[in-house]
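J.: Residue-level listing of the chains:
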Amino acid sequence: MGLPLGAALAACGTSGPGSTSTSGGGGGGATASYWYLSTEPQEGVRRRTMERFNQANPNGKIVGTTFQNDAFKTKIKTAIGAGEAPTIIWGWGGGGLRSYVQAGQVEDLTSWFDENAAVKDKLFPSSFGAATVDGKIYAIPCETMQPIVLYYDKRAFEKIGAEPPQSWGDIMDLVPKFNAKGIAPFSLGGQSRWTNMMWLEFLFDRMGGPEVFQAVFDAEKDAWSNPVAIDALTKMQDLIKADGFIKGFSSITADSNADQALLYTGKAAMMVHGGWTYGSMKQDGGDFVSSGNLGYMNFPPIDGGKGDPGNTVGNPGQYMSISAKATAEQKEIAKKFFSTEVVSDKSAEEWVGTGAVPVIKGSEKFFTGSEDADFLNFVVGIANNAKVFQQSWDQALSPTAAEVLLDNIAKLFQLSIGPQEFATNMNAVIGK
Amino acid sequence: MSTIVTVPPRGRPPAATRVRGSGSLVWLAVPALLVFLAFGVIPLLGVLALSFTTWDGLSQDISFSGLASWSAVLSDPGLPHALWVTFLIMALSWLVQTPASILIGVFLAGHQRYRTLIAVLYFIPLLLSSAAIAITYKALLDPNFGLGAGLGLDFLAQDWLGEGPLAVGVVIFVVSWQFIPFHSLLYQGGVRQIPRSMYEAAELDGAGRVRKFFSITLPQLKYTIITSSTLMVVGSLTLFDLIFVLTAGGPGDATRVLALDMYKRGYQANLMGPASAIAVILVLVGLALALVLRRLGGRDASASQLEGA
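Chains as they are written, first to last, in our numbering: chain H, 1 to 432; chain V, 1001 to 1309.
These are calculated hints, taken from the structure and not from any lab test. These numbers were taken from a predicted model, which means no experiment stands behind them. All C-beta atoms in this analysis are idealised placements derived from N, C-alpha and C, irrespective of residue type, glycine included. Hints may contain errors.
[Unchecked claim] Cβ-Cβ distance ranges computed for the label pairs, FRET-style: (1) S416/H / L1140/V: 19 to 27 Å; (2) F1240/V / D173/H: 43 to 51 Å; (3) I1135/V / D173/H: 35 to 43 Å; (4) P1195/V / S416/H: 53 to 61 Å; (5) T74/H / L1284/V: 21 to 29 Å; (6) A118/H / L1128/V: 52 to 60 Å; (7) G161/H / I1135/V: 38 to 46 Å; (8) A180/H / L1284/V: 53 to 61 Å; (9) L1048/V / E364/H: 56 to 64 Å; (10) P1165/V / Q55/H: 53 to 61 Å; (11) G1189/V / T234/H: 55 to 63 Å.
All chains should be modelled from the sequences, with the hints used to inform the complete structure.
T.: Dropping the structure here:
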């Protein structure tokens, strides 16, 4: 924190570009600050991307600071509110970005993208949705796309002699079969709440298509009372009541990766989770992934549902914005970073190395030879076939509405409220 | 505490010392007063002011919105629930901690062999941070990978943090585990201040161990009990870190205490106005409870418990 603030103050004092008063050791010049998440293997990619930029630009370096996921979410908000945001604001786009935009804290990048069409062309167009607020682009999509997929343990399916589910009916049929063998049908890190939410995202989409949540997003009155929504919520509770989830799911956190451990240790047969868990299960799960026991598929269709079964939900990308409070020099450094290393082939290659698909076009050439090629092609297939890549609800909505949503989802999964009460509670915060 | 450890001087001090003393005493209080003002009173006034505004914690514009935040908070069914959970945890953890602390404190105040060693071991929980304790218990109580599953003990393999009443019980247990050593320390000090002559007199009258405990030890510990209870009650009002890591307020909202409610509204839902209103409620409830406890101690705070000793 001290360094960028110092740089900002020094720049104010001397006025005008070319200020060398902050020169530390070698080249000198202003520095831009950048906060990012600390989980490996992603942290290493972020750090090396930054280091390559710093080597190429000794006169305008970036200084990075790492944070844990949940700590970051709070810290970045507090820092932005206090006017001490880092130059580069990393995030998930959507509702969080919208709240920064409304507070006038991030730079409008629309004209920059117009001038640098080449940069824009390098990125998947679908990733720009969550970077756009009221028709203007406030962030550059970066890193990887992370659809939510249905993982399963092939060993568990062999034990009960069944095939992976092709429909919601199959899922409900599989539940008693797995329970009879002492295997939990689904693993779930329910205490994290957004983990439960992924289920609802799929149920809403498969049953009613993207329109159902879009109505909520567009702040239509009583959008949660849509009969399709009520039906989806009821189906959700039916699965919970049928012991579809591992015992004690509401005290399991996703941050500790215990939900993934349940899958690779054979205690649970299936798991609906983000694409990023492939990499961590490969790292932590012994030979579970390398020996081919991990299966994956898109969430199956629901009998009688209107939604396109090709659609997916999750994070279309991660996002970097520029703080409106940064100095002109810092903004220039950040923009240079965006147009060079952030979208470079080298960083695309490194992201592929983590077992994920970058938002940079043409990354497929790095898949060949990768031991994760099957999974990577599967993810690209989902992304290419999906007519709608629904952004995670809690990221799409405003922080205020998202908190109420997560709170009510936790209660819904605890069976302490029913679908109607859920809808009533959620209707009260529509548009907030 | 001070009323126990010091015997109040009888009668008035000589006039000369009083006059000489008062000037320097006021001067000495200035640094403490300034710190209290800067880090206690001024932030408190800031929170009070914020509770009448609308602010998302991000933008520069904090707009005055009258009683909007207050009516939002007071009409929210979450508030009575959070208050109920807070008071439930407060009352039950007091009920668990106080008898246990008194008994352990009395035991540790003795002078038998090995007690110092036991005492040192016993105070270890005091040295650990709440977050570390919470993470450890979370791992131990995990229904699939925890102690119960590991040892094959079915009664330990409950869904400890996944069912409302059990989760409240676990929070109370862990809070007690963490803080009983501290309160035992208070009681140990209190017991050691009781003059031996009182026990000797009781023994001459033929009182047994139990009688001595109830007739001498317990009454003599009155002020220690009040001090310790005040710390427990006010402490459990602001209990946050442990619950945040252990259950995050869940399952559902079963362990969502007031302090957690405030944090979630302020920093997760970006509603600084309502969060500040809850902060003000917390301060008021804390002050009221501290006052009630002081009253329980009797109006005449200077009365000595050592009369006749």
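J.: Work down the list of hints and note, for each, if the structure agrees.
T.: Going through the hints against the structure:
no. : hint                         : in the structure
1   : S416/H / L1140/V: 19 to 27 Å : holds (26 Å)
2   : F1240/V / D173/H: 43 to 51 Å : holds (45 Å)
3   : I1135/V / D173/H: 35 to 43 Å : holds (39 Å)
4   : P1195/V / S416/H: 53 to 61 Å : holds (56 Å)
5   : T74/H / L1284/V: 21 to 29 Å  : holds (26 Å)
6   : A118/H / L1128/V: 52 to 60 Å : holds (55 Å)
7   : G161/H / I1135/V: 38 to 46 Å : holds (40 Å)
8   : A180/H / L1284/V: 53 to 61 Å : holds (55 Å)
9   : L1048/V / E364/H: 56 to 64 Å : holds (59 Å)
10  : P1165/V / Q55/H: 53 to 61 Å  : holds (58 Å)
11  : G1189/V / T234/H: 55 to 63 Å : holds (60 Å)
Checked against the numbered hints listed earlier, the structure breaks none of them; every hint is satisfied.
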